[in-house]
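J.: Each chain, letter by letter, is given below.
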Amino acid sequence: MRSEAIDESDRLYTEYITTQLGQLRRLAIVLCQDSHRADDLVQEAITKLYTRWHRRHAIDHLDRYLRSILVREFLDSQRVGWMRRVRLAAESPEMVSPQADSVEDRMVVRALLGQMPARQRAVVVLRFMCDLPVDEVAEILGCSEGTVKSQTSAGLVTLRRHVGGVSDGAPSPRSVAVRS
Amino acid sequence: MQDENEEYRRLLNTVADQPGIASTVDIGRAIAEGKHRQRVRRMRVVAATAGVSAVAVMAIPFALQSIDRKPVGLASAAPSAPASATPTAKAGFQTRPYDRSGTRALPASCTPRKLAVPGGNGIQSYVTNVDPSGLYATGRIYDDDQNPVIWRDGHPTQISMGGDDDMLQDATSKGDAVGFSYRSDGPQAQAYVGGVLTKLRGGSAEASGINERGAISGFLDEGRTRTAVTWPSAASDPVRLAVPEGTLRAMANDIDEDGTIVGNIVRFLPNNGRIAYVWYPDGTAQALPTPVWEGQYATDFDARSISNGWVTGYVTLAQKRSAGVRWDLVTGKVMVLDGLEWSNDVSRFGWIVGMNTHQDAVMTDGVNTVPLTALYAKPEYGMNWGEAISDDGLTIVGHNDDKSYDGLQRAVIWKCK
Chain A
1 MRSEAIDESD
11 RLYTEYITTQ
21 LGQLRRLAIV
31 LCQDSHRADD
41 LVQEAITKLY
51 TRWHRRHAID
61 HLDRYLRSIL
71 VREFLDSQRV
81 GWMRRVRLAA
91 ESPEMVSPQA
101 DSVEDRMVVR
111 ALLGQMPARQ
121 RAVVVLRFMC
131 DLPVDEVAEI
141 LGCSEGTVKS
151 QTSAGLVTLR
161 RHVGGVSDGA
171 PSPRSVAVRS
Chain B
1 MQDENEEYRR
11 LLNTVADQPG
21 IASTVDIGRA
31 IAEGKHRQRV
41 RRMRVVAATA
51 GVSAVAVMAI
61 PFALQSIDRK
71 PVGLASAAPS
81 APASATPTAK
91 AGFQTRPYDR
101 SGTRALPASC
111 TPRKLAVPGG
121 NGIQSYVTNV
131 DPSGLYATGR
141 IYDDDQNPVI
151 WRDGHPTQIS
161 MGGDDDMLQD
171 ATSKGDAVGF
181 SYRSDGPQAQ
191 AYVGGVLTKL
201 RGGSAEASGI
211 NERGAISGFL
221 DEGRTRTAVT
231 WPSAASDPVR
241 LAVPEGTLRA
251 MANDIDEDGT
261 IVGNIVRFLP
271 NNGRIAYVWY
281 PDGTAQALPT
291 PVWEGQYATD
301 FDARSISNGW
311 VTGYVTLAQK
321 RSAGVRWDLV
331 TGKVMVLDGL
341 EWSNDVSRFG
351 WIVGMNTHQD
361 AVMTDGVNTV
371 PLTALYAKPE
381 YGMNWGEAIS
391 DDGLTIVGHN
401 DDKSYDGLQR
411 AVIWKCK
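These protein sequence lines are chains A and B, in that order.
Under my numbering, the first residue of the first sequence carries the number 1, and numbering increases by one thereafter.
Under my numbering, the first residue of the second sequence carries the number 1, and numbering increases by one thereafter.
All clues given are correct.
Rough simulated footprint, nothing fancy, chain B against chain A, three-plus residues with beta-carbon under 8 Å:
{"no.": "1", "segment": "12 to 21"}
{"no.": "2", "segment": "26 to 39"}
{"no.": "3", "segment": "113 to 124"}
{"no.": "4", "segment": "135 to 145"}
{"no.": "5", "segment": "152 to 161"}
Some, not all, of what chain B presents toward chain A, calculated at C-beta under 7 Å:
{"no.": "6", "residue": "9"}
{"no.": "7", "residue": "164"}
{"no.": "8", "residue": "165"}
{"no.": "9", "residue": "322"}
Think of the hints as simulated: they come from the structure by calculation, not from any bench.
Where is the CB? At the ideal position from N, CA and C, for every residue including glycine.
Turn these sequences into a full structure, and let the hints guide you.
T.: Structure below.
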């Protein structure tokens, strides 16, 4: 009986993770800038979720919880130098100078993200890839809502300066939308 | 504008697309590894339980009363207190006396001016706090190096902290300040005292507040765990603040002039919401009364700032709407300020600065509200807010988004009368 219950729990876990893997991997790739490291990050995040799977009913927002595990894992990996160690073995992502006018937007965005401090990159990704509101990002990163707003604005300014022909520092009628 | 944000979402998702590269993620491997970790954890628990000693009991002598969405009771006390001193559950919030004499009427108006920014008019600036006298403000500018800044009477001095994501968080009336510097091995809590920058003890950490005596609040960043601490001085070892058994992480967000600290704790159950918490100088601590908003007891609420026993913070409902909150440690009363989305700081008179539901900067005493006049035209989706307030409530710092500069965020100081 107990064995059947465990099997059912694993089945539910597998079903849930299967629905989440695509979005998780995309999130991890943007954070890590490298698909190999992204896969390691996702593997660790879903493993950690498994160890807490029996308590899932106590978690208000499981998707949010899983994403926060992944982002915290990313920030931790930055701290202990894991990224640098893995980079020696993994294929390095192709990076380009953000000043190059002729490169495709995709490459410029990738380069710009890679040059952002880890927490600012996490803010931009959580806000614009995961569509998380400001307060949720603040809770995940352990900072204030004002800091999230500020980091988001700075990240968007950086992207705008180099993508789509927006000139550096020039006033324009467009505004920065960062509302939750 | 929304179309433009959609464009950036598309760009970010384009970066994420790496066709032709097969994923190595393996759900079966996650299950197998997860089971292994659970077995190891159970073995450790068994081993630890077999060796339970009086020392372990002394280390965590208190259990928080059940946090069951009812108004709060007393929670914790000094680690050195005997177990018999543990308050009973549901004992009610323990109030404290503060000197509330000299309260003034709310100012009638506040006049803004820009906080000067090195590097020109196209540089984003972010102000995090103002000292009790209103002379110094802390923050940073988003130039190439994202440099921390101390403003004195509106004039900036850049402080190089050595990391790639650095911030000053609070200042004293002498111009000393605290903050953090993110480096490759994690955040460093740093203090800027007498013009000299020093790393605070305790490993990876962030400093959040400093009072006029030089006592500092903050937290140790220990991987996925955050531990609320205080440094009695910039030269001291960190002192861990007592938390109830079962606490996953705790943050100390601000420190009052008497050494009282406010912040939050997070426990796994009943969910992952924050619980606003107060730690007193005598070593006792308790959860702040649970706000009730729209008929619901909050499950996620946080204390951000304290002054003379007034505490302000946020409450967030499950629908992710947020409102301001003010607690009074003298009476134990909690007030939800649903006209505010953000309530960031409080003066010694209980005046709160933040952002209203129209995303405009305001100050309120809980009854009346004073607009913090915008210095720049606000873009359609811009946000203006008050970030911090001086002790006397007459100096406020905050932010305006500047429509004429693509919505650039600018740090602003208001003088009120």
